[in-house]
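Please model the complete structure; the sequences and the hints are all you need to start from.
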Amino acid sequence: MATIEGIQKAYIDYVLTEGEQPKSVYLFAKKNKMAEEEFYRFFGSFDAIEQYTWTNIMQRTIAEIKTQEVWSQYTSREKALSFFYSFFELLKSSRSFAVYSIKKQPKGFSTPLIFTDLKEIFENFADDILKEGLESGELSDRKFFSKRYKDALWIQFVFVLTFWINDNSTGFEKTDEAIEKGVNVTFDLFERSPIDNLFEYGKFLAKNGGVKEKMGF
Amino acid sequence: MSDNRKEQNSIPTTKVQRSARFVKTGFKVGGNYIKHYSKKLFNPDMDKSELNEDNAADIYESLSKLKGSALKVAQMLSMDKNLLPQAYVNKFSQSQYNAPPLSGPLIVQTFKKYFGKAPGQIFDKFNLKSTNAASIGQVHEAELKGKKLAVKIQYPGVGDSISSDLKLVKPFAFRLLGMSEKELDIYMREVEERLLEETDYELEIRRSIEFSNACADLNNVVFPTYYPELSSKRIITMSWMEGQHLKEFLNTNPSQELRNRIGQALWDFYNFQQHELRAVHADPHPGNFMITPEGKLGAIDFGCIKEMPEDFYYPFFSLTSTNLFDNKEETIKAFRQLHMIHTNDTPAQIEFYYKMYKQMIGLFAKPYVSDHFDFGQTEFFDELFGFGEKVAKMPEFKQARGVKHFIYVNRTNFGLYNILHELKAEVKTDTFKPHVLLEY
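Residue numbers (the numbering used here), protein chains in the order written: chain A, 33 to 249; chain B, 4 to 443.
Misleading hints may appear alongside valid ones.
As the list claims (entries may be wrong) - Here are the simulated DSS-like cross-link-like pairs (lysine-lysine), alpha carbons at most 30 Å apart as the crow flies: (1) K132/B with K213/A; (2) K124/A with K139/A; (3) K124/A with K206/A; (4) K132/B with K163/A; (5) K98/A with K120/B; (6) K179/A with K163/A; (7) K116/B with K213/A; (8) K369/B with K358/B; (9) K151/A with K116/B; (10) K98/A with K148/B; (11) K41/A with K369/B; (12) K120/B with K213/A; (13) K55/A with K135/A; (14) K358/B with K98/A; (15) K98/A with K179/A; (16) K331/B with K213/A; (17) K407/B with K331/B; (18) K182/A with K116/B; (19) K124/A with K116/B; (20) K120/B with K151/A; (21) K124/A with K128/B; (22) K236/B with K206/A; (23) K128/B with K213/A; (24) K206/A with K115/B; (25) K182/A with K115/B; (26) K299/B with K393/B; (27) K98/A with K115/B; (28) K115/B with K124/A; (29) K206/A with K407/B; (30) K41/A with K151/A; (31) K41/A with K120/B; (32) K135/A with K115/B.
These are calculated hints, taken from the structure and not from any lab test.
Written out as structure tokens, the structure is:
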């Protein structure tokens with residue numbers, strides 16, 4: 033009796049051994065001694081398996097970090113950091129698959145099909161922690177921009193993922209540094225900064241203009 | 004622990020980032036001068052202490068953000084009190100205990116990486132907020148099977164940044180210290196070597212066990228128990244040591260007897276290592292010591308060990324014996340061996356350096372000459388600092404002299420003298436005597 037995990041495992045084993053997808057679902061099913069329709073009960077295509085694998089890692093990461101005792105005490109910034117570290121820690125056990133899966137994606141700006149579900153989950157998660165941060169005042173609520181914060185985090189995610197794929201330092205220590213720095217810079221930008229103050233000062237001067245003339249300078 | 008210190012989430016690691024940090028400090032310091040002189044316009048009596056304080060605060064802030072070796076250099080600078088105005092010293096002394104910590108998720112990550120488990124799964128209790136910064140790492144409180152533990156965790160990427168860090172500190176340091184670049188170069192390499200050793204926690208735990216065993220018989224000196232099975236390349240676990248740091252201890256107004264006992268323990272600890280082990284805990288800043296409630300000296304952190312080769316040990320420590328010192332010819336030979344007098348020096352130069360170094364070492368060796376020494380007396384330190392200041396102004400001492408071993412050995416011994424002075428301790432100095440050769 034085929035299971036999701038069984039098919040997933042067999043597929044990953046196949047692509048990593050052969051370096052390419054099986055010629056057809058028929059061949060793949062035959063090799064794994066199951067009926068083709070049984071395969072379709074779980075997945076519509078090979079890409080769907082890859083998509084499922086990525087989504088699964090993302091879901092597991094989020095579930096895992098939320099069970100941590102410290103989770104509720106973390107700030108938004110720390111929650112994001114914790115997510116990044118845990119995700120790449122989990123991904124480590126499937127690194128070969130990840131490298132294979134990403135390297136065969138065409139270069140471009142649009143999100144590859146295999147990442148669509150993952151992106152949605154990521155954005156929901158990012159939205160949640162960002163909202164918390166905005167409510168607690170940790171992050172600065174800016175017109176237009178605060179809605180785009182989650183996009184910045186997604187870009188960060190894609191960047192770290194690419195960095196990790198090419199990272200050859202021991203224990204991927206460089207990736208840890210990239211996370212610590214990258215996520216922090218992003219959150220520094222989300223926080224209240226001198227730019228906000230400058231902007232507000234400008235607004236104030238515009239509203240209360242003409243001070244100079246009145247004081248006789 | 005103060006609440007207002009900034010939780011730090013990043014160490015600027017690339018050289019550009021770090022340079023930017025220094026440039027920023029430069030601006031801030033410049034700004035402080037402007038502030039100072041504009042205030043002075045209205046109040047001509049103002050002295051520079053506020054300015055010094057502002058500068059120190061900004062320099063400290065930027066150094067503590069750099070963490071790692073830059074902070075180490077800050078600590079080194081603060082050891083030598085006569086070289087810096089008092090305000091700098093106070094701020095820098097802070098760096099010996101409190102520097103801003105790193106983020107909690109990174110701690111969890113480090114544990115997962117080396118033990119495959121989160122700290123909460125390894126220990127019964129683990130405090131994610133660090134209690135102390137140890138310049139290249141931070142210390143966390145933990146508990147396992149009813150035992151309180153101290154867990155030291157190293158920041159990632161420290162080793163990588165040391166070399167580039169030192170290059171950055173160099174111009175900054177030689178302006179502050181008034182040293183020539185060539186002189187700094189010899190020493191910087193030695194410092195780099197030691198600092199790189201300090202990032203090797205596996206080496207540190209081996210040495211900690213080795214040294215705490217070797218020094219176990221010393222009176223009134225105690226060491227934490229180390230747990231190699233709970234330690235790794237980036238993590239060291241040891242038993243928690245209750246106690247006060249030197250400053251807190253001194254604030255309790257301890258009795259002369261107690262101060263003498265702690266001072267004696269310190270003296271024995273250092274001189275046993277120097278003269279018997281020929282390798283010494285070369286980081287005698289007050290943050291590495293605790294005074295336990297039982298009135299004993301607790302020594303932590305064996306990250307920095309200076310080994311003394313024979314060709315340095317004998318000529319240098321033999322000079323502390325008056326018998327050799329009275330023999331001018333042999334003394335000059337020893338100076339030559341220590342590169343304090345160079346082969347191409349003219350007779351006039353030889354005479355000059357002979358006199359100066361003789362005076363210098365004579366001062367340094369004072370505690371060794373009699374069987375006990377009162378470190379509380381200020382005259383000795385005034386003389387020492389006064390001499391240091393005089394030498395620092397002499398053009399003859401702008402060029403590099405002395406073998407590289409001096410930097411850590413001097414730092415160790417002057418650090419020791421400084422702590423003993425702060426303790427105002429009277430110490431028996433003949434417990435572990437230097438081994439002496441009378442001819443060279």
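- request: Run the structure past the numbered hints and jot down the numbers of the failing ones, going up.
  value: Hints 11, 14, 16, 26, 29 not satisfied by this model.
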